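K.L.:
Just so you know, the protein sequences line up as chains A and B, in that order. Read in order, the letters of the first sequence are residues 1 to 697 in my numbering. Read in order, the letters of the second sequence are residues 1 to 327 in my numbering.
The hints are simulated quantities; they were obtained by calculation from the structure and are not laboratory data. Each hint should be verified, as a subset may be incorrect.
To be verified - With a cut-off of at most 25 Å between alpha-carbon atoms, the simulated DSS-like pairs for lysine-lysine come out as follows: (1) B:Lys127 to B:Lys270; (2) B:Lys183 to B:Lys256; (3) A:Lys45 to B:Lys205; (4) B:Lys270 to B:Lys256; (5) B:Lys103 to B:Lys256; (6) B:Lys270 to A:Lys74; (7) B:Lys103 to B:Lys205; (8) B:Lys127 to B:Lys205; (9) B:Lys256 to B:Lys104; (10) B:Lys127 to B:Lys183; (11) B:Lys104 to B:Lys270; (12) B:Lys256 to A:Lys664; (13) A:Lys74 to A:Lys622; (14) A:Lys324 to A:Lys338; (15) A:Lys664 to B:Lys104; (16) B:Lys103 to A:Lys74; (17) B:Lys104 to A:Lys74; (18) B:Lys205 to A:Lys664.
What the hints assert, rightly or not - Taking beta-carbon pairs under 8 Å as the criterion, some of the chain A residues facing chain B (in silico): (19) Glu85; (20) Trp86; (21) Pro87; (22) Gly198; (23) Leu293; (24) Gln399; (25) Tyr400; (26) Leu529; (27) Ile532; (28) Trp533; (29) Ile561; (30) Arg568; (31) Ala647; (32) Thr652; (33) Val665.
Bear in mind that the values here come from a model prediction, so they are computed numbers and not experimental data. Even glycine gets a Cβ: it sits at the ideal position worked out from N, Cα and C.
Each chain, letter by letter, is given below.
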Amino acid sequence: MAEQILTRLIRPNKVVLAEKNILPILWGGVLFFSALVMILGSDLKLLFEFPESLQVPIAGFLDWIMFGFVDLFKWFFRFISRVLEWPMRAVQGFLEWLPWLTFASLATFIAWQGGGGRTGILTLALLLYIVIVGYWYEGINTLSLVIICIPLAVLLGFSLGVWGHKSPKANVAIQTTLDFMQTIPAFAYLIPILLLFGFGPVVGLIASVIFATPPMVRNTILGLNRVPPEIRESGTMSGCTPRQRFWWVEVPTAFPQMLIGVNQTTMAALGMVIIAAIIGGFEDIGWEVLGRLRKAQFGQSILAGMVIVCLAIILDRITLSYAKRQLPTESHTGLRLKQFMIGFIGIAAISYILAIFIEPLRIWPKALEFYPADAMNTLVFNIIANFGDFLETSKNQMQYFVLLPVKLGFTRSIFPITWGFALTPTIIGIYWFIIFMGAAIALYFRHWQIAVAIPLIASILYFGITGISWVVYLAVLPLLAFSLGGSRVTLFVAGSLIFLMVSGIWVPALVSIYLCSVAVAICIVLGGLMGIWASTSERVSAIIRPINDTLQTLPQFVLLIPAVMFFRVGDFTALLAIIAYAIVPMIRYTEQGLRTVSPTAIEAGITSGCTPAQIFWQIKLKLALPQILVGINQTTLFGLNMLVIAALVGTTGLGQQIYLALSKVDAGGGIVAGLGMALIAMSADRMMRAYISRRSN
Amino acid sequence: MISRKISNLILSFLIAGGFLLSALQVSSEELGDVDAPIKLAINEWTGQHISTHIAGQLLEKLGYSVEYVNAGNYPQFQALADGDIHATMEGWTNNLGDIYPVKKAEGTIVDIGPLGLNAGEGWVYLKFMEDMCPGLPAWEAMNDCAENLVTPETLPMGRFLAYPADWGNRSEMIIAALGLNYKAVPGGTEGAMVAEIKAADAAQKPIFMMFWQPHYVFAEIGEVAWVDLPAYEEGCDTDPAWGMNPDATHDCGVFKPETMKIAWSGFQEKWPAAWDLLSSYQLDNSSQEAMMYEIDVEGADIVEVTGTWLEDNEDRWSSWVSSAMGS
Chain A
1 MAEQILTRLI RPNKVVLAEK NILPILWGGV LFFSALVMIL GSDLKLLFEF PESLQVPIAG
61 FLDWIMFGFV DLFKWFFRFI SRVLEWPMRA VQGFLEWLPW LTFASLATFI AWQGGGGRTG
121 ILTLALLLYI VIVGYWYEGI NTLSLVIICI PLAVLLGFSL GVWGHKSPKA NVAIQTTLDF
181 MQTIPAFAYL IPILLLFGFG PVVGLIASVI FATPPMVRNT ILGLNRVPPE IRESGTMSGC
241 TPRQRFWWVE VPTAFPQMLI GVNQTTMAAL GMVIIAAIIG GFEDIGWEVL GRLRKAQFGQ
301 SILAGMVIVC LAIILDRITL SYAKRQLPTE SHTGLRLKQF MIGFIGIAAI SYILAIFIEP
361 LRIWPKALEF YPADAMNTLV FNIIANFGDF LETSKNQMQY FVLLPVKLGF TRSIFPITWG
421 FALTPTIIGI YWFIIFMGAA IALYFRHWQI AVAIPLIASI LYFGITGISW VVYLAVLPLL
481 AFSLGGSRVT LFVAGSLIFL MVSGIWVPAL VSIYLCSVAV AICIVLGGLM GIWASTSERV
541 SAIIRPINDT LQTLPQFVLL IPAVMFFRVG DFTALLAIIA YAIVPMIRYT EQGLRTVSPT
601 AIEAGITSGC TPAQIFWQIK LKLALPQILV GINQTTLFGL NMLVIAALVG TTGLGQQIYL
661 ALSKVDAGGG IVAGLGMALI AMSADRMMRA YISRRSN
Chain B
1 MISRKISNLI LSFLIAGGFL LSALQVSSEE LGDVDAPIKL AINEWTGQHI STHIAGQLLE
61 KLGYSVEYVN AGNYPQFQAL ADGDIHATME GWTNNLGDIY PVKKAEGTIV DIGPLGLNAG
121 EGWVYLKFME DMCPGLPAWE AMNDCAENLV TPETLPMGRF LAYPADWGNR SEMIIAALGL
181 NYKAVPGGTE GAMVAEIKAA DAAQKPIFMM FWQPHYVFAE IGEVAWVDLP AYEEGCDTDP
241 AWGMNPDATH DCGVFKPETM KIAWSGFQEK WPAAWDLLSS YQLDNSSQEA MMYEIDVEGA
301 DIVEVTGTWL EDNEDRWSSW VSSAMGS
């Protein structure tokens with residue numbers, strides 16, 4: 001309701017603003033003001049370090065609330081973790097006791113029932129990898145955590161989703177909470193969880209449930225809201241009570257969407273495996289990966305990490321296949337329930353008997369394991385020994401010409417030894433002269449947005465993201481938000497900025513923003529090109545797809561080890577890690593966008609005599625742009641998500657703040673840093689979404 | 001993996017059974033609450049896992065049941081104070097974090113006593129660097145070869161790999177106090193630091209970093225040497241007047257850490273015999289390093305390795321067990 005009133009209030013305003021063309025004037029004013037601040041205030045420390053007197057001890061306040069809450073309600077949360085311990089131990093014990101052959105055959109049968117031969121074979125092959133590589137025991141422990149986590153998260157998500165569907169007021173609150181839950185890095189709320197639930201494997205389970213619930217809530221709300229009113233009415237017409245109508249009409253109609261939610265929940269739970277291991281894992285695969293990483297054993301950590309990838313693919317394909325089976329187009333129907341049960345019991349019995357008599361089918365012997373970790377490590381060391389200098393040089397080039405200018409600006413990064421010349425007044429003069437000419441030309445052709453963008457980007461490179469006054473940020477970013485999306489987004493962005501400054505995390509936040517923006521820019525270019533390439537060739541697409549799947553499910557830490565060995569601890573290594581993870585959505589959405597351009601549009605282009613280049617630029621890219629923009633949005637969010645991981649290789653942004661807080665059990669500090677990250681992510685997301693929705697209107 | 005675990009389990013049952021017979025003479029009052037499992041903290045490094053597993057197996061010989069709970073080096077003290085975890089075997093006195101002193105002052109956690117490891121900490125480099133930096137291992141030699149360690153991030157200074165930020169910033173202060181031409185870069189994680197020194201060794205590239213021993217990396221890569229810093233004396237890290245730099249603290253090396261066994265405050269009352277056993281429990285460097293090598297480099301199972309060590313060194317621990325039973 002409030003939202004409607006607000007938009008009604010804003011809409012007329014916007015029209016007036018657009019008519020009066022006030023935006024270019026505002027931008028002109030802000031640019032002039034920023035230039036004044038940067039030139040005249042360059043000696044004023046006050047303008048470059050957010051004054052401490054304006055800072056508020058938010059972290060301390062949060063700590064105070066948190067500890068009070070913990071003291072009051074600890075008994076209740078401890079009770080929950082005690083209750084959850086039983087099913088977890090039971091499942092773990094049962095799966096450890098079960099011969100691998102029995103488990104693998106039953107899982108294959110379930111997969112076949114859902115998705116047919118291909119899904120079945122895939123499941124079997126991936127399970128065999130886990131067996132042969134020797135991680136069955138660890139893998140099964142992880143699986144038992146996921147198996148307990150999923151029903152809890154689904155049940156919780158379903159209930160919250162139904163509540164959100166029934167009450168619009170609750171819906172607003174739920175959606176905002178979900179936004180925060182999905183953007184605050186899980187590390188940030190580990191401390192409150194530890195304080196409330198204690199230590200041990202159950203705590204990892206609880207963290208996973210918290211992280212895995214949001215997709216289920218969202219999909220439940222989406223599914224229920226999308227139930228066509230006709231179906232609902234027909235339920236009422238045939239005399240259903242509201243409760244009957246809900247369970248017999250609405251829930252079944254929304255069921256396919258909810259199954260998508262189950263699928264996403266499963267993937268999120270697996271994504272938490274490593275983080276769960278940090279606080280409470282034991283002898284599971286996350287623990288194994290972590291242990292190997294601490295010893296910098298690349299081969300071992302990637303072999304263990306692949307187990308998580310295998311589990312993720314298996315669970316993904318099985319849950320998706322059952323979701324798809326609800327669609328009328330699906331040809332594979334599987335067995336009827338009764339036949340399925342008979343088959344299930346039969347397979348269980350036969351495989352169990354086999355495993356009793358043939359020991360290797362129960363427990364895979366160590367002698368038959370295939371564990372090529374040493375070979376992989378040798379390979380990495382050979383690369384370092386032979387290409388060390390080349391890697392070092394390419395890293396240094398990247399540092400000198402890209403990373404340092406964006407971080408520190410030309411003023412603090414151009415020296416004779418790095419660029420080959422010094423930044424003399426003449427050169428500075430020429431630089432700004434070119435920039436002003438560029439802006440003037442853009443103005444002459446009436447592209448005022450370009451005329452604004454040129455000096456903005458030029459200033460970022462000149463002063464560096466960390467060298468620009470906070471006053472300038474406070475002026476430019478809200479105006480950017482206003483130009484892209486309107487008042488609501490502006491308020492949100494301004495609020496977020498103020499939070500970052502007032503809570504005292506502005507400096508690390510700038511470092512995070514710098515790292516992320518470089519990574520995202522590279523992802524857009526590289527990922528965009530790869531997406532375009534993949535859209536033109538089936539073969540390329542078929543090669544890229546599994547690589548993308550792996551990059552997204554492989555624990556992100558695993559790639560850090562070779563990256564550190566090649567490029568040492570520092571920003572560059574962190575950048576590579578962020579790119580490896582965040583480039584995936586950019587590739588995917590670009591490819592999908594280009595592939596789904598309607599053939600008739602291309603046909604029309606060809607008949608009207610366009611050259612292939614014109615068809616690509618004028619038709620394909622233009623029609624695919626909305627999808628590509630979504631890809632950019634996702635890439636930005638993924639990149640911000642990786643900041644916590646980046647801190648593991650020595651970056652100094654908000655990620656590091658979270659670790660510092662973790663080491664001090666400083667719940668408030670962790671939450672403030674996490675909240676800071678979430679606000680940056682949500683600001684970027686809202687600005688981009690506003691822009692996308694305005695474009696599509 | 002599991003089959004070994006099971007055979008191990010049977011083996012340890014047999015051993016435990018034998019001891020149980022003798023333990024029957026001990027009244028349960030001295031053992032305390034044997035039905036409640038004693039929870040031992042597992043931290044982030046292999047050496048600690050070894051110390052803990054040996055302690056755990058010894059406690060099992062007395063008839064206790066032991067659970068290993070994964071908890072970080074710093075947060076574990078919160079858990080110890082709350083009684084969620086009952087003891088931790090290898091707290092390094094130079095790296096106990098901010099919670100430990102608070103909880104110790106509160107009286108919710110207590111020291112059992114030192115573990116006896118001869119721990120060391122300081123700055124390391126690779127031996128081949130003595131050609132490019134003549135004068136090493138003396139710290140003064142570092143300044144002359146700083147230019148060999150310049151990187152884009154540290155320009156124009158040399159790069160020094162310090163501990164991860166959450167382990168404190170002592171290296172940075174020492175560099176400043178000694179007037180060294182280096183910039184400290186945070187190491188991120190232990191894994192990243194180990195990866196760096198392994199890679200530097202493979203590529204024969206120079207590196208200076210803060211590190212500690214015992215650590216298995218010394219067994220794995222070429223020769224690692226320690227920089228001779230001005231020896232630590234009490235006060236040099238708090239009193240500016242001390243040492244060569246009259247205006248700064250930390251113009252000295254770091255103090256020699258101890259390894260400490262630490263427990264929940266209610267431990268002694270609940271399990272008196274276990275407390276006695278843990279008080280006498282000692283471990284030496286060479287034993288720990290040998291086991292570390294077997295586990296980390298040769299890939300052996302920790303339960304097996306520690307079990308074998310206990311079998312082979314019965315003379316060391318039999319007196320701890322008997323004195324705990326006699327108490």
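K.L.:
Which of the listed hints are not met by the structure?
P.N.:
1, 3, 4, 7, 13, 18, 19, 20, 21, 26, 27, 28
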